[in-house]
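Quick one: dock chain against chain with the hints and give me the complex.
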Amino acid sequence: EPEVTQTPSHQVTQMGQEVILRCVPISNHLYFYWYRQILGQKVEFLVSFYNNEISEKSEIFDDQFSVERPDGSNFTLKIRSTKLEDSAMYFCASQPLPRADTQYFGPGTRLTVL
Amino acid sequence: AQTVTQSQPEMSVQEAETVTLSCTYDTSESNYYLFWYKQPPSRQMILVIRQEAYKQQNATENRFSVNFQKAAKSFSLKISDSQLGDTAMYFCAFGGSQGNLIFGKGTKLSVKP
Chain A
1 EPEVTQTPSH
11 QVTQMGQEVI
21 LRCVPISNHL
31 YFYWYRQILG
41 QKVEFLVSFY
51 NNEISEKSEI
61 FDDQFSVERP
71 DGSNFTLKIR
81 STKLEDSAMY
91 FCASQPLPRA
101 DTQYFGPGTR
111 LTVL
Chain B
115 AQTVTQSQPE
125 MSVQEAETVT
135 LSCTYDTSES
145 NYYLFWYKQP
155 PSRQMILVIR
165 QEAYKQQNAT
175 ENRFSVNFQK
185 AAKSFSLKIS
195 DSQLGDTAMY
205 FCAFGGSQGN
215 LIFGKGTKLS
225 VKP
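Protein chains in written order, with the numbering used here: chain A, 1 to 114; chain B, 115 to 227.
Isolated chain B (complex conformation) (with noise of 0.2 angstroms):
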């Protein structure tokens, strides 16, 4: 089965600084997708990166990008210039061939001012 490992439960940093927030995943799949979704008090569930496992290059959205390493099964999101806005939980997720994502316990980000 598949599992979605997140180690850092809180994380934060000064606006305007570089933040990494990790993940890791267990699969025995060789096709597969990886996302990051930010979760703000809201509670709404946003899309923020995804990469598939089948393309070498890092995905990147502005000041979002990840680092994929695929034989270690690791997908950290780098967020860049860290704006008061991204303060929410990050939450990783794989999605395999059953289709349903699977989800890591999510990272807790405050950016301080």
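Bound-form chain A, shown alone (with noise of 0.2 angstroms):
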């Protein structure tokens, strides 16, 4: 069965690096997402993209966050200067049609930021 898959598993960086997460989507799926989960607290929504540009972002998702689809299959999140609050599990998921259809989740990447 397709499944969404994440790399890293767990990146650990210094405050005020760069990080890059990246996914790659289920091929067929045509709306990709990104949310963050800070331990032991809620799944937040990020930023939604579609056909090669942001359809939503949520208040997080400030200049420091940006997104890309680089080729026909990475989907990618980058965060310029990590903050030691930007530590959390980042999830992408995707999504084969748009609004209320079920989104599938990758295995989420562990940002540790010291």
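To be clear, the hints were calculated from the coordinates, so they are not data collected in a lab.
Take these hints with a grain of salt, some might be off.
With a straight-line cut-off of 30 angstroms between C-alpha atoms, the simulated BS3-like cross-links for lysine-lysine are [stated by the list, open to error]: (1) B:LYS192 - B:LYS169; (2) A:LYS83 - B:LYS222; (3) B:LYS187 - A:LYS57; (4) B:LYS169 - B:LYS187; (5) B:LYS222 - A:LYS57; (6) A:LYS57 - B:LYS184; (7) A:LYS42 - B:LYS192; (8) B:LYS192 - A:LYS57; (9) A:LYS42 - B:LYS187; (10) B:LYS226 - A:LYS42; (11) B:LYS187 - B:LYS222; (12) B:LYS169 - B:LYS222; (13) A:LYS42 - B:LYS169.
The model shown is predicted, which means the values in this text are computed figures rather than measured ones.
Written out as structure tokens, the structure reads:
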């Protein structure tokens, strides 16, 4: 069964460094999302992406964040200058159809900012 | 704005028994989807069950079923014949017109032998 994959599984970085989190969505899916989950808290929406542009973004998704689909398969989340509070689990999700359909989540990337 | 509330931070159940997790939500939309996701200690998000708001029939998936009360904006998850592998965090989520999911704070379920 096709699945969403994410790399790396765990990333440790120093405060102020740039990180790129990578996701490979399910191949025939059209909508892509990034969510984050700070340890012990609920999952929060960051950004949605369709047709090579951002569809929606939350107030968390400020100028430090960017997303890109550099080729036909990868979907990346970049954090330009990491802060301690960016430490969290980051989930990528993909969806075959627009709006209210099932989103399939990747296994997540645990980001630790020191 | 839509909100999702899970009022039970933690629950426990004996193996083979039945447990019900509660979820309420608030929305002004009429067409939407509701989901239950399971998050085991590995922290992977696994879809358990989904319900389309326009369907009156409650969704079921093997030992998992929901009680969807649209007027009351309630969406509870029933797990029958609980198994040790059901131990996890369970998140209720709302999917509406904006596309992104809105999650509740989760219920930590422990299944005891």
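Here is what the structure says about each hint:
1. B:LYS192 - B:LYS169: holds, 18 angstroms
2. A:LYS83 - B:LYS222: holds, 29 angstroms
3. B:LYS187 - A:LYS57: holds, 26 angstroms
4. B:LYS169 - B:LYS187: holds, 14 angstroms
5. B:LYS222 - A:LYS57: Cα-Cα ~29 angstroms, so holds.
6. A:LYS57 - B:LYS184: holds, 28 angstroms
7. A:LYS42 - B:LYS192: holds, 21 angstroms
8. B:LYS192 - A:LYS57: violated, 33 angstroms
9. A:LYS42 - B:LYS187: holds, 20 angstroms
10. B:LYS226 - A:LYS42: holds, 24 angstroms
11. B:LYS187 - B:LYS222: Judged against 30 angstroms, a Cα distance of about 22 angstroms means the pair holds.
12. B:LYS169 - B:LYS222: Judged against 30 angstroms, a Cα distance of about 28 angstroms means the pair holds.
13. A:LYS42 - B:LYS169: holds, 27 angstroms
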